[in-house]
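Engineer: Using the sequences and the hints, build the whole thing.
Residues per chain, in single letters:
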Amino acid sequence: MSYGDLMSMDLPEGLKLIDEEGKRLDGRRADELRPIKIEAGVLRRADGSAYVEMGKNKILAAVYGPRECHPRHLQDPTRAIVQCHYNMLSFSVDDRKRPGPDRRSVEISKIVGEALEYSIFLEQFPRTSIDVYIAVLQANAGTRCAGLTAASVAVADAGIPMRDLIPACAAGKVADTVVLDLNKEEDNFGDADVPLAYIPRTGEILLLQMDGHLTQAEFDRAIELAKGGCTTIYGLQQDALRRRYAFAGGDAQESEQEAGGNEA
Amino acid sequence: MSQRSPLSEVKKGHISTLLSKGKRSDGRNLDEMRPVSIIEGAIETAEGSARMKLGNTEVAVGIKMGVGEPFGDTPNKGVLTTNVELIPMAFEEFESGPPSPMAIELSRVVDRGIRESQMIDLEGLCIEPKKEVWVLYVDIYALDYDGNLFDASSIAAVAALKNTVVPAKRFGKGEDFQLPLRSMPISCTTVKIGDYLVLDPTLEEDEVSSARLTVATDENGDLRAMQKGGNGFFTYEEVKKAIQMSTEAGKAIREKL
Amino acid sequence: MIPGQPVDTGSRRPGFGTYRKEGKAYSTTLGLRISKGNYVDILPLSGKYVPFSGDDVIGTVTDMTSSNWLMDINSPYPGVLHASESPWRVEFGATAKYLELGDNVTARILSVDDSKHVQLTMRDQSLRKLRGGHVVSIPYAKVPRVIGKSGSMIDMLKRYSGCKMLVGKNGKIWLDGEVENIVALAKAIRMIDEGAHTHGLTDRVRDYLEKTFPAANE
Chain A
4 MSYGDLMSMD LPEGLKLIDE EGKRLDGRRA DELRPIKIEA GVLRRADGSA YVEMGKNKIL
64 AAVYGPRECH PRHLQDPTRA IVQCHYNMLS FSVDDRKRPG PDRRSVEISK IVGEALEYSI
124 FLEQFPRTSI DVYIAVLQAN AGTRCAGLTA ASVAVADAGI PMRDLIPACA AGKVADTVVL
184 DLNKEEDNFG DADVPLAYIP RTGEILLLQM DGHLTQAEFD RAIELAKGGC TTIYGLQQDA
244 LRRRYAFAGG DAQESEQEAG GNEA
Chain B
42 MSQRSPLSEV KKGHISTLLS KGKRSDGRNL DEMRPVSIIE GAIETAEGSA RMKLGNTEVA
102 VGIKMGVGEP FGDTPNKGVL TTNVELIPMA FEEFESGPPS PMAIELSRVV DRGIRESQMI
162 DLEGLCIEPK KEVWVLYVDI YALDYDGNLF DASSIAAVAA LKNTVVPAKR FGKGEDFQLP
222 LRSMPISCTT VKIGDYLVLD PTLEEDEVSS ARLTVATDEN GDLRAMQKGG NGFFTYEEVK
282 KAIQMSTEAG KAIREKL
Chain C
2 MIPGQPVDTG SRRPGFGTYR KEGKAYSTTL GLRISKGNYV DILPLSGKYV PFSGDDVIGT
62 VTDMTSSNWL MDINSPYPGV LHASESPWRV EFGATAKYLE LGDNVTARIL SVDDSKHVQL
122 TMRDQSLRKL RGGHVVSIPY AKVPRVIGKS GSMIDMLKRY SGCKMLVGKN GKIWLDGEVE
182 NIVALAKAIR MIDEGAHTHG LTDRVRDYLE KTFPAANE
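Chains as they are written, first to last, in the working numbering: chain A, 4 to 267; chain B, 42 to 298; chain C, 2 to 219.
Keep in mind the hints are simulated off the structure, nothing from the lab.
Fair warning: there could be bad hints in the mix.
Unchecked claim - Derived lysine-lysine pairs resembling BS3-like cross-links, with alpha carbons at most 27 Å apart:
{"hint": "1", "chain 1": "A", "residue 1": "K59", "chain 2": "B", "residue 2": "K203"}
{"hint": "2", "chain 1": "A", "residue 1": "K187", "chain 2": "B", "residue 2": "K214"}
{"hint": "3", "chain 1": "B", "residue 1": "K94", "chain 2": "A", "residue 2": "K59"}
{"hint": "4", "chain 1": "A", "residue 1": "K187", "chain 2": "B", "residue 2": "K210"}
{"hint": "5", "chain 1": "B", "residue 1": "K53", "chain 2": "C", "residue 2": "K130"}
{"hint": "6", "chain 1": "C", "residue 1": "K188", "chain 2": "B", "residue 2": "K94"}
{"hint": "7", "chain 1": "C", "residue 1": "K188", "chain 2": "C", "residue 2": "K150"}
{"hint": "8", "chain 1": "B", "residue 1": "K52", "chain 2": "C", "residue 2": "K130"}
Unchecked claim - A few chain C positions that, by computed beta-carbon distances, are all more than 10 Å from chain B:
{"hint": "9", "residue": "G24"}
{"hint": "10", "residue": "Y40"}
{"hint": "11", "residue": "D56"}
{"hint": "12", "residue": "S67"}
{"hint": "13", "residue": "S127"}
{"hint": "14", "residue": "G196"}
{"hint": "15", "residue": "P215"}
What the hints assert, rightly or not - Covered, in the sense of this in silico footprint (three residues per stretch, anywhere, with C-beta under 8 Å from a C-beta of chain C), are these stretches of chain A:
{"hint": "16", "segment": "126-138"}
{"hint": "17", "segment": "165-174"}
Only a predicted model underlies this, so the values are computations on that prediction, with no experimental measurement involved.
Glycine residues also receive a C-beta, built at the ideal position from the N, C-alpha and C atoms.
Structural biologist: Put into structure tokens, the structure is as follows:
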């Protein structure tokens with residue numbers, strides 16, 4: 004979405020972002036997320052992968068690594084580095100986006116990569132790189148959060164040791180109401196947007212941005228809503244990983260183990 | 042999975058020994074394509090789209106349209122641009138940055154298959170001669186790479202064009218209409234490994250092959266575009282055999298579209 | 002188990018694949034909880050092999066210099082085999098005479114330093130160059146499944162297919178025999194890879210082997 008031109012547009016005549024009964028354009032209440040679908044292990048070549056649909060957002064994430072770090076001068080002799088690339092495909096938005104990175108995607112890649120770095124035990128893999136690729140196939144506001152949600156599942160799918168999964172979603176203000184998980188119309192015509200990544204178990208906030216205009220009280224309410232959203236998404240991330248290996252409910256088999264390396 | 046080993050004579054030997062017994066390591070016959078699955082129109086922000094799997098190779102194609110000026114030498118024809126992006130998500134050896142020679146060759150071969158077959162009625166995309174025509178972008182992204190992006194890209198592009206609706210209303214140019222199509226070229230690729238020709242190579246087969254031939258055929262079995270690649274050679278008999286294999290495989294795929 | 006999930010260790014101690022915070026144990030990795038001796042480990046279902054001194058691995062030559070070979074060992078870290086650690090008396094500059102690009106060997110991890118520089122050795126009777134055959138790779142985490150309880154799985158695979166088989170701790174597996182048998186055996190290994198975490202795996206693999214190699218049935 005080219006923010007600039009969209010933000011300056013006026014709300015079409017007669018369009019109400021929130022109706023008399025408190026329902027939003029897509030029928031949601033203020034504290035409701037869009038429907039979310041998460042699938043782990045969707046690509047064969049990548050070491051780990053995930054697909055997320057969040058409303059009309061469709062996002063793929065792939066992880067390669069830990070692997071030899073390129074370019075070499077970025078190598079750290081004591082730990083792995085995370086290189087994240089957020090990429091909007093040309094047809095993911097209404098007006099064709101020219102392929103390749105722009106300033107917005109470089110910024111998103113940086114903050115999403117930093118959030119992931121915190122969650123990974125980097126010191127276990129000195130000199131390597133963990134490369135995370137996020138491809139937005141279809142965008143409808145909230146792609147950085149859905150992208151981080153997908154990327155975190157992909158990192159777990161790759162078998163990379165991590166502290167925890169990272170769920171993310173946004174809250175914002177629309178027609179004087181603080182709401183959860185803005186869709187495209189709400190993002191375009193709303194008053195504020197607060198993307199948040201937050202680990203429910205620990206209370207750690209790993210990504211936070213804000214633009215627009217909120218009172219301090221409204222900000223508190225937005226964070227409260229987004230935390231609730233993250234808690235729901237966290238459960239869906241766990242479910243997706245369980246389904247990947249069809250654990251019939253927790254720890255499949257407690258089992259014995261043999262040392263490898265047998266000779267014929 | 043991880044760092045890929047260089048090709049050993051051992052690996053080549055293994056594949057060739059199998060071929061000499063008429064077999065491939067995934068159990069296919071030499072003239073057999075991998076399973077094809079296509080989801081059309083899954084991307085709502087695109088004017089037309091397709092996600093396609095060819096075995097473990099997967100691509101996403103989206104068609105975007107806009108209004109622009111025609112080229113001087115074709116004042117009454119729409120403008121077609123085809124672009125293949127080999128994003129690093131798909132394969133550890135694909136890099137971000139300017140398109141590689143491989144990406145450019147792919148883009149041009151797919152473009153030729155669509156353009157030279159006159160698949161799209163470009164005259165039907167003229168709004169006002171010399172002034173305004175529809176500009177059509179065919180953007181192809183590799184998502185998962187296990188060989189033969191030529192066929193995955195071109196077949197997915199055809200599938201996406203088939204469900205493309207020209208967004209005339211959004212541009213204030215009247216009612217939306219289905220993209221005018223005239224024919225349906227299907228590309229199929231054969232590679233040569235030792236003295237054997239195999240259709241739809243996996244990455245492993247691609248890597249041990251010496252030459253590659255992509256053949257686009259139409260519904261009449263006529264030839265619409267070809268491209269030879271690789272640093273090996275084909276005899277004329279091999280070319281004829283490759284054409285025959287591509288034509289047969291093309292027929293089967295056309296029925297699925 | 003899923004990363005971040007609390008691990009109930011009972012009277013045992015949290016082991017591999019866990020971390021501790023404020024006195025509690027959590028899983029770091031997507032995997033299965035396994036009780037072993039005094040520890041509860043998380044057996045990962047995917048992930049890269051991290052070299053450990055003493056491990057027997059299969060390596061593939063990716064590069065060479067006058068005095069050593071660089072080996073892919075299915076890990077983020079390549080292994081270095083110095084000529085003096087090879088079974089041969091290699092004159093300076095003649096490395097290519099003994100091992101070429103793409104050749105496979107069995108080797109042992111000699112040492113791993115803090116930055117994970119890996120030295121290999123082949124100076125043991127059991128370690129050698131692997132001639133012919135075919136190498137397949139699986140995630141190292143699934144190696145125990147290919148071996149099976151007391152070697153039951155690998156014995157079954159070898160008996161039915163009539164192939165020779167060597168399994169490196171790093172997840173590289175060397176197969177040698179009739180080419181059709183290698184292909185069928187590779188397929189059985191893929192079954193184990195994909196179903197490593199499921200119940201009834203041994204029976205399914207046996208069914209497949211019986212169908213594929215009817216003659217081998219004793």
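Engineer: Hints first: check each against the structure and report whether it holds.
Structural biologist: Hints and how they fare:
Restraint check for K59/A and K203/B: satisfied, since their Cα atoms lie roughly 23 Å apart, inside the 27 Å limit. A C-alpha spacing of about 25 Å is found between K187/A and K214/B, which places the hinted pair at or below 27 Å, so the restraint holds. About 22 Å separates the Cα atoms of K94/B and K59/A, which keeps this hinted pair within 27 Å; it holds. For the given pair, K187/A sits about 20 Å from K210/B by alpha-carbon distance, which is consistent with the 27 Å threshold.
For the hint linking K53/B to K130/C, the alpha-carbon distance of about 18 Å falls within 27 Å, and the restraint holds. Only pairs whose Cα atoms come within 27 Å are accepted, and K188/C paired with K94/B is accepted, the gap being roughly 21 Å. Between K188/C and K150/C the alpha-carbon distance is near 21 Å, which keeps this suggested pair within the 27 Å criterion. Using a Cα cut-off of 27 Å, the hinted pair K52/B and K130/C holds, with the two alpha carbons roughly 15 Å apart.
At roughly 36 Å from the closest C-beta of chain B, the C-beta of G24/C stays outside 10 Å, upholding its exclusion from the interface. Against the 10 Å criterion, Y40/C stays outside the reach of chain B, whose nearest CB is about 28 Å from its own CB. Every C-beta of chain B lies more than 10 Å from that of D56/C, the closest at about 16 Å, which supports listing it as non-interface. Taking the minimum C-beta to C-beta distance to chain B, about 19 Å, the non-interface status of S67/C holds against the 10 Å cut.
Taking the minimum C-beta to C-beta distance to chain B, about 21 Å, the non-interface status of S127/C holds against the 10 Å cut. Distance check on G196/C: its Cβ is at least 17 Å (rounded) from any Cβ of chain B, clearing the 10 Å threshold; non-interface status holds. For P215/C, the requirement that its beta carbon stay farther than 10 Å from each beta carbon of chain B is met, with the minimum near 18 Å. Here's how the segment 126-138 of chain A fares: 5 of its residues keep a CB closer than 8 Å to some CB of chain C, so the rule of at least three is met and the hint holds.
Restraint check on the segment 165-174 of chain A versus chain C: 4 residues with Cβ-Cβ distances below 8 Å, three needed, restraint holds.
The structure is consistent with each of the numbered hints, conforming to all of them.
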